[in-house]
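Work out the full structure, taking the sequences as your base and the hints as a guide.
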Amino acid sequence: MTQSTAVFALRNVTKTFPGVTALDRVKLDLYPGQVTALVGENGAGKSTLVKTMTGIYQPDGGETQVAGEVVRIDDPEAARQLGITAIHQETVLFDELTVTENIFAGNYLTRGRLGRLDWPAMHERTRGILADIDAPLDPKARLRGLSIGQKHMVAIARALSVDARVVVLDEPTAALSHHEIKELCGIVERLKKAGKAILFITHKFDEIFTIADRYVVYRDGTFAGEGMISDVTEAELVEMMVARSVSETFPKQTVAIGEPMMTVENLNHPTEFADINFEVRAGEILCFYGLVGSGRTEIMQALFGLSKAVTGNVHINGEPVTIRSPADAIKAGLVYVPEERQQQGVILDLPIFQNISLPQLGRLNRWGLLNEAREYDVARTYGERLNVKTSSWDQKVGNLSGGNQQKVVIGKWLATRPKIIVLDEPTKGIDIGAKAAVHHFMSELVNDGLAVIMVSSELPEVLGMADRIIVMHEGLMVREFTRATATPEAVVGAATGGMAA
Amino acid sequence: MANTMTQTAVPNRLSNHWLHHLLRWETFLLLVTVLVFLFNSLATPYFLDPWNLSDATFNFTEKAIIALPMAMLIICREIDLSVASIIALSSVSMGLAAEAGMGPGGLVFVAVSVGIVCGLFNGLVVTHFGIPSIVVTIGTMSLYRGIAYVILGDGAFTNYPSGFEFFGQGYVYWVFSFEFTLFMGMALIFYGLLHHTNFGRRTYAIGNNPTAALYSGIKVNKHKLILFVMVGAISGLASVLLTSRLGSTRPSIAFGWELSVITMVVLGGVSILGGSGSMVGVVIAVFLMGLVTFGLGLLNVPGIVMTIIIGAMLISVISIPLVAGRLRAAREQRK
Chain X
-5 MTQSTAVFAL
5 RNVTKTFPGV
15 TALDRVKLDL
25 YPGQVTALVG
35 ENGAGKSTLV
45 KTMTGIYQPD
55 GGETQVAGEV
65 VRIDDPEAAR
75 QLGITAIHQE
85 TVLFDELTVT
95 ENIFAGNYLT
105 RGRLGRLDWP
115 AMHERTRGIL
125 ADIDAPLDPK
135 ARLRGLSIGQ
145 KHMVAIARAL
155 SVDARVVVLD
165 EPTAALSHHE
175 IKELCGIVER
185 LKKAGKAILF
195 ITHKFDEIFT
205 IADRYVVYRD
215 GTFAGEGMIS
225 DVTEAELVEM
235 MVARSVSETF
245 PKQTVAIGEP
255 MMTVENLNHP
265 TEFADINFEV
275 RAGEILCFYG
285 LVGSGRTEIM
295 QALFGLSKAV
305 TGNVHINGEP
315 VTIRSPADAI
325 KAGLVYVPEE
335 RQQQGVILDL
345 PIFQNISLPQ
355 LGRLNRWGLL
365 NEAREYDVAR
375 TYGERLNVKT
385 SSWDQKVGNL
395 SGGNQQKVVI
405 GKWLATRPKI
415 IVLDEPTKGI
425 DIGAKAAVHH
435 FMSELVNDGL
445 AVIMVSSELP
455 EVLGMADRII
465 VMHEGLMVRE
475 FTRATATPEA
485 VVGAATGGMA
495 A
Chain H
400 MANTMTQTAV
410 PNRLSNHWLH
420 HLLRWETFLL
430 LVTVLVFLFN
440 SLATPYFLDP
450 WNLSDATFNF
460 TEKAIIALPM
470 AMLIICREID
480 LSVASIIALS
490 SVSMGLAAEA
500 GMGPGGLVFV
510 AVSVGIVCGL
520 FNGLVVTHFG
530 IPSIVVTIGT
540 MSLYRGIAYV
550 ILGDGAFTNY
560 PSGFEFFGQG
570 YVYWVFSFEF
580 TLFMGMALIF
590 YGLLHHTNFG
600 RRTYAIGNNP
610 TAALYSGIKV
620 NKHKLILFVM
630 VGAISGLASV
640 LLTSRLGSTR
650 PSIAFGWELS
660 VITMVVLGGV
670 SILGGSGSMV
680 GVVIAVFLMG
690 LVTFGLGLLN
700 VPGIVMTIII
710 GAMLISVISI
720 PLVAGRLRAA
730 REQRK
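Chains X and H are the protein sequences, given in the same order. The working numbering numbers the first residue of the first sequence as -5 and each following residue consecutively. The working numbering numbers the first residue of the second sequence as 400 and each following residue consecutively.
Among the hints, a few may not be true.
What the hints assert, rightly or not - Going by beta-carbon spacing under 7 Å, a handful of chain H positions derived as facing chain X:
hint: 1; residue: 595
hint: 2; residue: 596
hint: 3; residue: 597
hint: 4; residue: 618
hint: 5; residue: 620
hint: 6; residue: 656
What the hints contain is simulated information worked out from the structure, not anything from laboratory work. From the three backbone atoms N, C-alpha and C, an ideal C-beta is built for every residue, glycine too.
See the structure below:
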């Protein structure tokens, strides 16, 4: 294995926070022109590592080397000057500014002694950078109007504008559609050719195996292994991550399908979707598959009472129901685990037990007076059932990892004893252990006679968990598959509007 | 993949170190209040007289009772800048009703009803059209007081029925005025409402994350509407107290009070961004402001200087813990 010297290296780097050691004597080597994938479960220390590399945190011990020299990265500005740049999961961009303004924010080109801003030069450079990464964007366009994928291109262009040597991509694909991910891969390929050292953080294995050259595995804040991608298999990577072997990927159980739980007829929305008809039965996992923007989430939100302009009939347990608000939906036995966990699912600053009791305060507490003992009981029951990892039940949800936050959301809904649970991208951005726990749990739920509706963009998950798949395309239900008839090619073909028979 | 990890029992809550309680905002405020109290009692011999202290409470209780629901509204990420104008409009309405021969009980009913209508209007505009409350209530601040001016012009209502003066001037027992007793009672009720009811819990939830609160089945708009109505109703009640104490209504009554009310709430540790704060903090802040004003009054400090001192106090009390925290963090980093 011949390799040039590392452009960026960490040796024995340690970072502790009160009560936890987030990084424990880890090492990392990044080489020019190579993509290194950093894998690890949530809580393995990936985010801390990125923050340490970009000067947001200062390590408590160890050594950082850039091009062989020991350096200190005291603040983000120092990181920028060393040529280290990061593109985060939720990109930090300004919606009200133009593409150029975003790219040069805080780092404007000026001219003359008075330091007047040199807009023509900045627009020109922007055009050049965008052309380099094949991003057909107008430098003067405001970000507000761009798609998430396009915003990512802007973020990458911003990273390139500072002549970065090291580019960190922190879960860049979490919010992207299939097509946008392909574009991103193209950009990464070009960055590689330009000799940048790239650190790629993702939970998706298919991406690791397409994009990365090397891998580094962290587990619980420690270094767990590294090597060339060509020398490793997915199962081996997973084993390194979790230090236990994976026997089955999807814990799908065969459950007797029962009576229809919910029937939806002629659901229509003026702009988002039309002519939606389906039913879901007790013991059944029904998946809605489709590209981002195909109307899946909008249907679920409409059913949950979040959309005013919707018409149609819904029956739950054979009874017609009118759902005008989430409160109505919960009363009818329909609950919704939203896609945007942190914005819509949990209240980060409230403790776990208060998050879990929130939808049913009226049921738990007589006369409207709080009874914390009962709230704690409910939180403990469902928190333990979902194996939420926490030091106490009055821990703020914001202190938990993404996977545990998702468990809190699911626990909150189960505590209301629903008949139908809708999970919208339930495993987005959570680590593989938590993912498996969520899948396991879905199986348990249908076993208990619930009806589960899952919206997902991840094909393996859909194929692995669904009893039935409804494929959406541009607001219409285009095809329906049973578990037996679904093949990856046919499902993706239908979702992209292909006429594959 | 079976998760074989078993969990040891997770406690409901971790026990807090006693220092943790000591470092709370409320403790700090209480400390400042005690210091001001001691300073006042040393600075002037008239301060520690029970009747003087009782008189001093009249200067802030009317504002203070509005601060209670206002704290909940601000925790819920909304604000009402029209409270002083609601006082004016309620007062003018009482004046009209008194001219028509209505008795004290009727006047209270009129004032509170006008307050409810004003609060309902604020709340409906905010929730129904989704306009930020700061904009809506800047508008209604002018609107409500404007109506008061149109009705009353340069004149004044002074013919209030006998018995009406009790609300603003009467005593329940010894030095305890009706106003002060009412404030203390309401402070207890609002403490319970915010910290021990579903309603209070939902207020925090909405203030922290309105979207997630909505997705959790909370009727966010209805909740906000109730809070606006509550603030309106209690502004009407404050109008009864103030009008009764002054014995007259002019359209400029309670001018500029909305800022004093909000100052009390913010000084009490309620985040102006919503989501956090406590009723205890607000009540202590009320007393702190009352004591400072009273002490300065005894020392013959002119009103304008007093405003400057109150402003400086607000900024310093709020910034001291922030600055101290930052210094501590900087020192720890240097270690």
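Legend entry - Hints the structure fails to honour: 5 and 6
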